[in-house]
Structures are given as C-alpha cells and as structure tokens.
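**Student:** Sequence:
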Amino acid sequence: MNFLYEVKGRGTEHLAALKEGDRLNLAGPSGNGFPVESLSGKIAVVGGGIGTAPLYQLVCELDGKGCQPDLFLGFRDEVYGVERFVPHCGQVGIATESGRVGTRGFVTAVFDPSQYDWVLCCGPEPMMKAVAALCKQHDTPCLVSMEKKMACGVGACLGCTCHTKSGGKCVCKDGPVFNSEEVFDL
Numbered sequence: 003m004n005f006l007y008e009v010k011g012r013g014t015e016h017l018a019a020l021k022e023g024d025r026l027n028l029a030g031p032s033g034n035g036f037p038v039e040s041l042s043g044k045i046a047v048v049g050g051g052i053g054t055a056p057l058y059q060l061v062c063e064l065d066g067k068g069c070q071p072d073l074f075l076g077f078r079d080e081v082y083g084v085e086r087f088v089p090h091c092g093q094v095g096i097a098t099e100s101g102r103v104g105t106r107g108f109v110t111a112v113f114d115p116s117q118y119d120w121v122l123c124c125g126p127e128p129m130m131k132a133v134a135a136l137c138k139q140h141d142t143p144c145l146v147s148m149e150k151k152m153a154c155g156v157g158a159c160l161g162c163t164c165h166t167k168s169g170g171k172c173v174c175k176d177g178p179v180f181n182s183e184e185v186f187d188l
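For the sequence shown, the working numbering assigns the number 3 to the initial residue and increments by one for each residue that follows.
In case anyone wonders, no lab produced these hints; they're calculated from the structure. It cannot be assumed that every hint is accurate.
For lysine to aspartate or glutamate, the following EDC-like pairs were computed, each having C-alpha atoms within a straight-line distance of at most 20 Å [claimed, not checked]:
| hint | residue 1 | residue 2 |
| --- | --- | --- |
| 1 | 138 | 99 |
| 2 | 167 | 183 |
| 3 | 138 | 119 |
| 4 | 44 | 119 |
| 5 | 67 | 39 |
| 6 | 167 | 114 |
| 7 | 167 | 184 |
| 8 | 10 | 127 |
| 9 | 150 | 184 |
| 10 | 131 | 63 |
| 11 | 151 | 39 |
For each label pair, taking beta carbons as the anchor points, the in silico distance ranges come out as [what the hints assert, rightly or not]:
| hint | residue 1 | residue 2 | range |
| --- | --- | --- | --- |
| 12 | 27 | 108 | 35 to 41 Å |
| 13 | 20 | 141 | 29 to 35 Å |
| 14 | 26 | 141 | 41 to 47 Å |
This structure is a prediction, so every number in the text was calculated from the model and none was measured. No residue lacks a Cβ here, since even glycine has one placed at the ideal position from N, Cα and C.
Using the sequences and the hints, build the whole thing.
**Tutor:** And the structure:
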C-alpha cells in the first residue's frame with residue numbers, strides 16, 4: 003500500500019516515521035465518494051496540491067469504466083505524481099503559481115468547464131470554490147471532495163463539520179463529496 007501525504011501534524015508525523023514492514027491499523031474508507039457509476043459524458047477531474055492524491059483512484063475508476071477523464075492539476079511550485087495519472091487520462095493540464103511547470107497561475111486558467119458534462123474537484127477550499135464558481139458560470143455540475151481533519155470517522159465527534167445550505171454536515175459521514183452549490187455560496 004502506498005500513501006501520498008504531507009506532514010501537517012501528529013498523525014502524518016507518525017506516518018512519516020514508519021518503516022517498511024511496520025504495522026498500521028486503518029479504518030475506512032468512510033463517507034460518500036464520487037458517484038463514479040452514475041457519471042457519464044465528458045468529465046474533467048481538477049485537483050490542487052495534496053488534494054491531487056485521492057484523485058488518482060478516481061481517475062483509475064473512471065478509466066476502468068471506459069470514461070477517460072481530462073485532468074487538470076494546480077500546484078504552488080513543486081509538481082508531483084502526475085506521471086501516474088497520464089495513462090488513465092485524455093488531456094492533462096498543469097498550472098503552477100510560480101510558472102515553473104505548465105501554465106503560470108491557477109488551475110482555473112487551464113480548463114474550460116463549458117466543455118464538460120461534469121467537473122470533479124479536490125484540493126484547497128479556495129481553489130475548489132474558484133473552480134465551483136467557474137462551473138456555475140457555465141452551468142456545469144461540479145462535485146467537490148472536502149478536506150477536513152477527521153477524528154472519529156463516523157460523525158460522532160462533529161470535528162469535521164462543514165456548513166451546507168441544509169445545515170452542518172460531517173465530512174467523514176455525509177461527504178466528503180458534495181455538490182459544490184451545496185457547500186459554497188456562489
């Protein structure tokens with residue numbers, strides 16, 4: 003099993019200290035992912051930073067059902083993991099804030115939502131909100147995978163609550179995937 007993560011706190015510090023062969027207890031996955039089986043048409047998968055990590059499985063699942071998505075990724079400066087995605091994607095677009103790789107700027111500059119039936123997104127909340135706003139301008143449905151720190155994984159602790167139009171929802175149980183218009187005021 004492989005993990006792509008960024009050290010951000012005690013949990014990921016613990017992961018970073020593990021060596022091959024060490025044992026690890028995992029729980030999950032929990033909640034609701036992207037509804038791969040019910041998606042059809044032309045799909046754009048959009049990710050940013052460490053939010054690109056969970057998109058690899060999504061891209062593989064879409065490709066496996068004969069729906070090869072286009073992929074658009076944004077990074078601050080350092081680009082990582084893109085080569086793994088390429089065999090499973092149609093078009094691949096990269097944006098970096100520094101301009102070091104791909105287009106200089108944000109991921110919203112490298113794709114046009116009007117060309118897609120669905121946009122699936124994961125990354126920093128400001129990026130996802132910008133992608134969702136662009137999708138709304140073009141009447142393109144957008145699903146976002148919210149990133150929150152999760153403690154219990156079953157919705158009991160309410161530590162991962164996000165505000166939605168229908169009240170607070172636990173990202174671990176009710177999400178992490180939501181319709182963008184449900185979680186962002188656009």
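**Student:** A separate judgement is required for each hint: does it hold in the structure or not?
**Tutor:** Hint by hint, here is what the structure shows:
1. A C-alpha spacing of about 24 Å is found between residue 138 and residue 99, which places the hinted pair above 20 Å, so the restraint is violated.
2. The hinted pair formed by residue 167 and residue 183 meets the criterion: a straight-line CA distance of about 8 Å does not exceed 20 Å.
3. Restraint check: the Cα-Cα separation between residue 138 and residue 119 comes to about 12 Å, which is no more than 20 Å; the hinted pair holds.
4. Annotation: proposed proximity of residue 44 to residue 119 holds, straight-line Cα distance about 5 Å (limit 20 Å).
5. For the given pair, residue 67 sits about 8 Å from residue 39 by alpha-carbon distance, which is consistent with the 20 Å threshold.
6. The straight-line distance between the Cα atoms of residue 167 and residue 114 is roughly 26 Å, outside the 20 Å bound, and the hint therefore fails.
7. At most 20 Å may separate the alpha-carbon atoms for a hinted pair to count; residue 167 and residue 184 meet this at roughly 5 Å.
8. Pair hint residue 10 plus residue 127 holds up; C-alpha atoms about 16 Å apart against a cutoff of 20 Å.
9. This hinted pair checks out: residue 150 and residue 184 have alpha carbons roughly 16 Å apart, not beyond 20 Å.
10. Between residue 131 and residue 63, the direct Cα distance comes to roughly 25 Å. Violation of the 20 Å bound is thereby established for this hinted pair.
11. Among the hinted pairs, residue 151 with residue 39 is inconsistent with the structure: their alpha-carbon atoms are about 27 Å apart, more than 20 Å.
12. Hint check: residue 27 to residue 108, Cβ distance near 38 Å, so the stated range 35 to 41 Å holds.
13. For the pair residue 20 and residue 141, the supplied restraint of 29 to 35 Å is violated, since their beta-carbon distance comes to about 46 Å.
14. The hinted range of 41 to 47 Å is satisfied by residue 26 and residue 141, whose Cβ atoms lie roughly 44 Å apart.
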